[in-house]
Amino acid sequence: MSTNDSRQVRLLWGSVAVVAAIVVATLIDKGSIGLQLILSGLTVGSIYALVAMGFSVIYSTTRVINFAQGGFSMLGGMLMYTFSVQAHLPPWLGLILAVAIVTAFGAGFERAAINPLKDKSVITIIIITIGLSIFMTAVAKWIWGTDPVKIAAFTGEKPLRFLGASLVPQSLWVFGFTLLAVVLVFAFFNRTLLGKGMRAAADNPDAASLVGVSSSTSSLVAWTLAAGLGAAAGVVIAPINFAQYSAGTTLGLKGFSAAVLGGLGSAPGAVVGGLVLGVLETITASYLPSGYKDAVAFLILILVLLVRPQGLLGKPESVKV
Amino acid sequence: MEGQLTRQSETNWRTYRTLIIVAVFVFLVPVWARFIPGDVLHMDIVNIMVLAGVYACAVIGLNLLVGYGGQISLGHAAFFGVGAYTTAILCTRLHWFPSWLGIIAGAALAGVVGWLVGKPVLRLKGNYLAMATLGLGEIAFILFQQVKGLTGGTVGILDIPPLSVFGLKFDTDFKLFFVVWALVMVLMLLSINLVYSRVGRALRALHSSEVAADAMGVNTSRYKVQVFVLSAVFAGLGGALFAHFQKYINPESFTLALSILFITMVVVGGMGNIWGGLVGVVILTFLPSVIQALPQWIPGLPSGLSNFSNYELVLYGLLLIGFMIFLPKGVAYGLARAGGFTEMRARHLRDRIKARKIESH
Amino acid sequence: MGSRSLPWKLPVLLLCTIVAVSLSATGCGKKTVNPSASVYKIGAVLSLSGPAAPLGQPEQNSLLMLEEQLNAGEGVNGHKVQFIIEDDQSNPANAAAAITKLINQEGVSAMIGSSSTGATLAMVPVAEAAKVTLVCCAAGTAITKPVKKYIFRTPPTDSMAIDKVLAYLKTNLKIKQIAILHDANAYGTGGATELAAKAPTAGIQVVANESYGSTDTDMTAQLTKIQQTPAQALVVWGTNPGPASIAKNMQQLAMKIPFIGSNGIANKTFITLAGTAANGVSFPGGRMLIPASIPTGTEWRNAVDKFTADYKAKYGKDADTFAAHGWDAGTILTTAMKTAGTDKTMIQSTVQATKGLVGIDGIYNYSATNHDGLTVSDLMMIQIQNGAWVQIK
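Chains as they are written, first to last, in the numbering used here: chain W, 11 to 331; chain Z, 7 to 367; chain H, 169 to 561.
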């Protein structure tokens with residue numbers, strides 16, 4: 011093992027140790043309140059994790075950072091409001107419709123704006139996804155106005171209590187969905203031919219197309235998957251967060267930091283990154299003025315990029331010379 | 007232009023000549039803006055141009071960084087903000103502090119910050135650099151909000167005095183217009199000189215292939231940091247001018263949205279083209295006002311649309327996407343091609359006339 | 169090689185200059201628009217998008233309704249009135265640009281705006297320099313402290329709301345120790361600072377002062393901190409959706425201490441978002457929220473009844489205090505213009521001399537030293553019971 015590899019391994023275990031130490035210290039210092047903080051942190055963290063997974067899916071296959079990923083979740087939540095609250099449809103139907111519409115939109119955008127420009131510079135693609143984000147926010151404001159909207163929790167609001175800490179039932183739905191999503195995404199990318207081909211297409215497009223997976227197909231599938239995943243996440247999150255036309259930006263930024271922390275391109279990484287970020291943020295808010303809590307996400311982002319850009323669970327990227 | 011060999015000095019001369027033409031055109035703006043009645047134009051051109059001018063300072067620097075240095079920054083609003091807060095704090099806390107000195111201080115401090123963060127961060131490339139600069143910009147925003155004793159927190163700093171240089175007060179938009187755009191022209195001059203100098207050539211080598219440039223003995227990291235610091239200084243200058251223009255600042259003026267606006271101006275205007283920054287600034291600063299004025303210029307628009315605040319942002323997002331799809335090299339490139347094309351045709355015409363003259367002898 | 173041929177760009181530039189000069193020579197128009205004698209123009213810069221949109225949208229609705237009603241009747245002294253409304257997107261820079269444009273290009277006689285404090289503060293220097301009366305709909309203290317000649321406001325100030333809350337805590341609840349949880353934005357921070365400064369005079373000790381981000385959705389960290397203090401009540405200073413999330417978090421954590429909100433939650437949205445957690449929450453609000461609190465038969469009560477009925481008929485929604493702020497701003501200016509016409513100096517002096525003008529938020533009295541119009545008694549404490557507003561006597 012080269013010295014750089016062993017340094018990286020030490021960094022990885024070192025950061026795990028630091029996070030564990032912080033969590034344990036909080037539990038000791040604050041007792042049952044510490045447990046509450048951890049639980050709240052995990053709830054917030056799984057929301058980040060869901061958005062982070064969307065980033066990962068697109069990045070791992072196309073090396074594109076989709077600044078509009080948060081917007082998919084926002085649209086999912088708003089559409090759910092329209093279907094289940096305004097149109098009084100049963101929630102399961104509302105979920106399916108919301109996800110279907112956003113997925114179709116994501117796929118359509120990929121074909122119209124991303125695929126034709128895949129050879130252009132990094133920064134051109136970044137601007138396009140930023141344009142998409144602005145467009146989605148503006149359309150949401152046009153259709154639904156500016157007020158936050160309420161969507162009923164799936165199984166009610168009565169808090170669940172144990173060991174002095176509490177959790178709302180919707181949090182369990184979020185945890186459950188996160189687990190389901192990461193299992194499905196991981197299985198897709200590591201066990202199916204299409205998924206494996208898509209990952210290959212990012213590193214070696216020619217070899218991948220020999221196996222029948224062109225980078226064009228890869229990009230389309232990735233965007234479709236990310237849009238659908240984002241929309242579903244938005245539906246599950248909405249009862250906790252209150253869907254609002256402006257929700258896309260905040261979700262996007264935090265989810266993005268979580269994705270980098272966990273490793274862009276790794277679905278389990280996204281989950282780990284999200285959960286760690288959520289917990290660290292919540293703990294910070296209880297010790298420092300909470301305005302600094304947002305700084306945690308960005309400090310971690312920069313630290314990770316400088317020291318270990320592939321994040322906790324990602325693989326180092328080779329740069330073409 | 008294809009197939010045309012021109013001497014380097016001829017290209018330089020042409021660029022300086024364009025700069026003079028642009029400067030003349032710009033300074034005539036307030037003159038002819040006076041003569042178009044307000045209810046035809048529906049926008050205050052001089053006011054918008056001052057804002058465009060202060061943004062231009064930042065965007066010209068960013069254009070050098072992105073287009074020539076090949077780097078990305080999604081956090082440049084932070085430098086803009088450092089410049090603004092520096093002069094605002096100095097001029098409101100120390101009532102004797104002259105505003106022109108505040109502007110210099112703002113630009114200098116922005117440069118220092120740029121150097122401090124640039125050195126570690128510029129080791130990153132591409133997407134990673136974009137992400138890191140984004141994070142830095144957000145941290146700066148949080149600091150502007152949280153360090154209340156210094157920055158006034160979320161309430162901000164009020165009653166910033168107008169710009170005054172040795173007794174001359176620039177307190178109206180009209181007067182400020184000339185100062186700001188004179189500075190913009192100076193910055194453009196500096197940029198042109200930089201691009202044509204040895205440093206500029208090193209930057210272009212770096213842009214096309216950092217590894218090759220390294221192999222050739224170009225000290226890539228030093229040049230990268232230098233151009234980053236320069237762009238930070240320009241942005242700080244713009245921010246300080248902004249503070250004396252608006253006379254009130256709060257952290258909301260320096261968010262990620264502004265960083266994104268800057269980078270969008272560079273890309274829409276045209277990276278790698280010396281005029282890209284200026285073109286992008288003017289287009290994107292006027293775009294919202296133009297969209298807003300549309301219902302009044304085109305009377306037939308349906309009522310759902312004429313409440314512009316609904317559709318303005320929708321249109322803006324679509325236009326951004328559209329620009330990237332149809333003009334990915336930027337508007338300046340398109341203009342240069344059109345200009346070059348026309349000039350080439352004119353030249354051909356002249357050559358043919360000359361040839362015919364020779365023949366008829 | 170002969171001399172270089174004249175570049176083609178120069179003739180184009182000359183052409184542009186000639187066109188511009190000839191346009192001016194034909195007297196195409198003057199720089200500023202002379203407001204036509206038959207239409208009175210009042211500019212309005214409101215936050216129709218961005219975080220302050222829930223404030224700006226109802227204000228716009230009211231102004232449009234006022235315009236419609238006035239123009240259907242006798243107008244302002246026989247003149248039609250037009251509100252030219254611009255969106256500042258909750259951004260101070262846009263607000264400053266918009267007011268500049270409205271004054272210079274559209275030639276308005278007076279101004280309304282903006283919905284939030286930050287945007288208003290950016291507009292103040294422009295209005296003062298142009299000597300145009302600006303009636304704002306924002307509650308931040310800094311706008312009229314110190315009093316500026318041309319700047320007035322309609323809503324009760326944050327100071328008044330704070331005084332009301334402290335009086336309620338001291339007299340009704342007889343509480344000695346409170347915790348504050350405020351939005352980190354200008355509104356929340358300003359309110360919290362003033363609350364903390366004034367509490368000791370009311371004999372109340374502030375044992376905790378926490379903040380949350382405007383877009384945060386989980387405040388359990390701050391609330392658990394507060395649970396550990398001897399606070400007997402929690403005062404929340406912010407606008408939706410933050411306080412709604414806090415109410416839900418408190419329900420989740422089974423926190424029993426009373427939740428007292430600010431005038432920021434004086435709308436039905438809070439009740440919709442917080443659901444059952446909203447019950448028991450109290451806040452200071454205008455009397456127009458519960459019309460029955462105003463004595464029947466008074467001019468004020470009649471005005472409120474008519475306004476709420478008209479608003480509901482036209483927009484299908486209940487009018488809230490923000491709608492009232494907008495309506496009152498428009499009423500104050502149009503009433504002044506009945507005697508002052510479009511004379512900007514006279515508009516300022518007429519507004520400043522306003523006494524006993526019946527609005528929806530209350531009855532307005534201005535003077536040279538008071539540009540706030542309303543007083544503490546125009547506010548009352550309201551509690552949410554079973555999803556509805558009940559006046560606390």
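It is worth saying that the hints were derived from the structure and are not from the lab.
From a predicted model like this one, the values you see are computed outputs, not experimental measurements.
C-beta: ideal position from N, C-alpha, C; glycine also.
Keep in mind that a hint or two might mislead.
[Stated by the list, open to error] Straight-line C-alpha distance at most 16 Å; calculated EDC-like pairs for lysine to aspartate or glutamate:
{"no.": "1", "chain 1": "H", "residue 1": "K317", "chain 2": "H", "residue 2": "D331"}
{"no.": "2", "chain 1": "H", "residue 1": "K209", "chain 2": "H", "residue 2": "E235"}
{"no.": "3", "chain 1": "H", "residue 1": "K313", "chain 2": "Z", "residue 2": "D165"}
{"no.": "4", "chain 1": "H", "residue 1": "K436", "chain 2": "W", "residue 2": "D157"}
{"no.": "5", "chain 1": "H", "residue 1": "K485", "chain 2": "W", "residue 2": "D157"}
{"no.": "6", "chain 1": "H", "residue 1": "K209", "chain 2": "H", "residue 2": "D486"}
{"no.": "7", "chain 1": "H", "residue 1": "K512", "chain 2": "H", "residue 2": "E236"}
{"no.": "8", "chain 1": "H", "residue 1": "K474", "chain 2": "H", "residue 2": "E274"}
{"no.": "9", "chain 1": "H", "residue 1": "K506", "chain 2": "H", "residue 2": "E296"}
{"no.": "10", "chain 1": "H", "residue 1": "K316", "chain 2": "Z", "residue 2": "D357"}
{"no.": "11", "chain 1": "H", "residue 1": "K482", "chain 2": "H", "residue 2": "E236"}
{"no.": "12", "chain 1": "H", "residue 1": "K248", "chain 2": "H", "residue 2": "E235"}
{"no.": "13", "chain 1": "W", "residue 1": "K206", "chain 2": "W", "residue 2": "D216"}
{"no.": "14", "chain 1": "Z", "residue 1": "K154", "chain 2": "H", "residue 2": "E362"}
{"no.": "15", "chain 1": "H", "residue 1": "K209", "chain 2": "H", "residue 2": "E236"}
{"no.": "16", "chain 1": "H", "residue 1": "K209", "chain 2": "H", "residue 2": "E274"}
{"no.": "17", "chain 1": "H", "residue 1": "K474", "chain 2": "H", "residue 2": "D486"}
{"no.": "18", "chain 1": "H", "residue 1": "K299", "chain 2": "Z", "residue 2": "E365"}
{"no.": "19", "chain 1": "Z", "residue 1": "K335", "chain 2": "W", "residue 2": "D129"}
{"no.": "20", "chain 1": "H", "residue 1": "K512", "chain 2": "H", "residue 2": "E242"}
{"no.": "21", "chain 1": "H", "residue 1": "K316", "chain 2": "H", "residue 2": "E296"}
[Said to hold, decoys possible] Covered by chain W, per the in silico footprint, the following chain H stretches (three or more residues, Cβ under 8 Å):
{"no.": "22", "region": "220–226"}
{"no.": "23", "region": "391–404"}
{"no.": "24", "region": "483–492"}
{"no.": "25", "region": "496–509"}
Hint check:
1. For the given pair, K317 of chain H sits about 26 Å from D331 of chain H by alpha-carbon distance, which is inconsistent with the 16 Å threshold.
2. Among the hinted pairs, K209 of chain H with E235 of chain H is consistent with the structure: their alpha-carbon atoms are about 11 Å apart, no more than 16 Å.
3. Distance check on the hinted pair: K313 of chain H and D165 of chain Z sit about 13 Å apart at the alpha-carbon level, within 16 Å; holds.
4. A hinted pair counts as satisfied when its Cα atoms are at most 16 Å apart, and K436 of chain H with D157 of chain W qualifies at roughly 11 Å.
5. The suggested pairing of K485 of chain H with D157 of chain W holds, with an alpha-carbon distance near 13 Å, which does not exceed 16 Å.
6. Distance check on the hinted pair: K209 of chain H and D486 of chain H sit about 28 Å apart at the alpha-carbon level, beyond 16 Å; violated.
7. For the hint linking K512 of chain H to E236 of chain H, the alpha-carbon distance of about 24 Å lies beyond 16 Å, and the restraint is violated.
8. The suggested pairing of K474 of chain H with E274 of chain H is violated, with an alpha-carbon distance near 32 Å, which exceeds 16 Å.
9. Annotation: proposed proximity of K506 of chain H to E296 of chain H is violated, straight-line Cα distance about 23 Å (limit 16 Å).
10. With a CA separation close to 69 Å, the supplied pair K316 of chain H and D357 of chain Z exceeds the 16 Å bound.
11. As the CA atoms of K482 of chain H and E236 of chain H are separated by approximately 11 Å, the hinted pair is consistent with the 16 Å bound.
12. For the proposed pair K248 of chain H and E235 of chain H, the alpha carbon gap of about 8 Å is at most 16 Å, so the pair holds.
13. A threshold of 16 Å between alpha carbons decides the hint, and for K206 of chain W with D216 of chain W the separation of about 14 Å falls inside it, so the pair holds.
14. About 15 Å separates the Cα atoms of K154 of chain Z and E362 of chain H, which keeps this hinted pair within 16 Å; it holds.
15. A C-alpha spacing of about 14 Å is found between K209 of chain H and E236 of chain H, which places the hinted pair at or below 16 Å, so the restraint holds.
16. Simply put, K209 of chain H and E274 of chain H have alpha-carbon atoms about 8 Å apart, close enough for the 16 Å limit, and the pair holds.
17. At most 16 Å may separate the alpha-carbon atoms for a hinted pair to count; K474 of chain H and D486 of chain H meet this at roughly 12 Å.
18. For the given pair, K299 of chain H sits about 73 Å from E365 of chain Z by alpha-carbon distance, which is inconsistent with the 16 Å threshold.
19. With a CA separation close to 12 Å, the supplied pair K335 of chain Z and D129 of chain W stays within the 16 Å bound.
20. Only pairs whose Cα atoms come within 16 Å are accepted, and K512 of chain H paired with E242 of chain H is rejected, the gap being roughly 22 Å.
21. Distance check on the hinted pair: K316 of chain H and E296 of chain H sit about 8 Å apart at the alpha-carbon level, within 16 Å; holds.
22. Proximity of the region 220–226 of chain H to chain W, defined as three or more residues with a beta carbon under 8 Å from a beta carbon of that chain, is established by the 3 residues found.
23. Coverage of the region 391–404 of chain H by chain W holds. Counting CB-CB distances below 8 Å, 4 residues qualify, and the rule asks for three or more.
24. Beta-carbon proximity to chain W at under 8 Å applies to 0 residues in the region 483–492 of chain H; the threshold of 3 is not reached and the given coverage is violated.
25. Under the rule that three or more residues need a Cβ within less than 8 Å of chain W, the assignment of the region 496–509 of chain H is violated, with 0 such residues.
Consistency note: the structure conflicts with the earlier hints numbered 1, 6, 7, 8, 9, 10, 18, 20, 24, 25.
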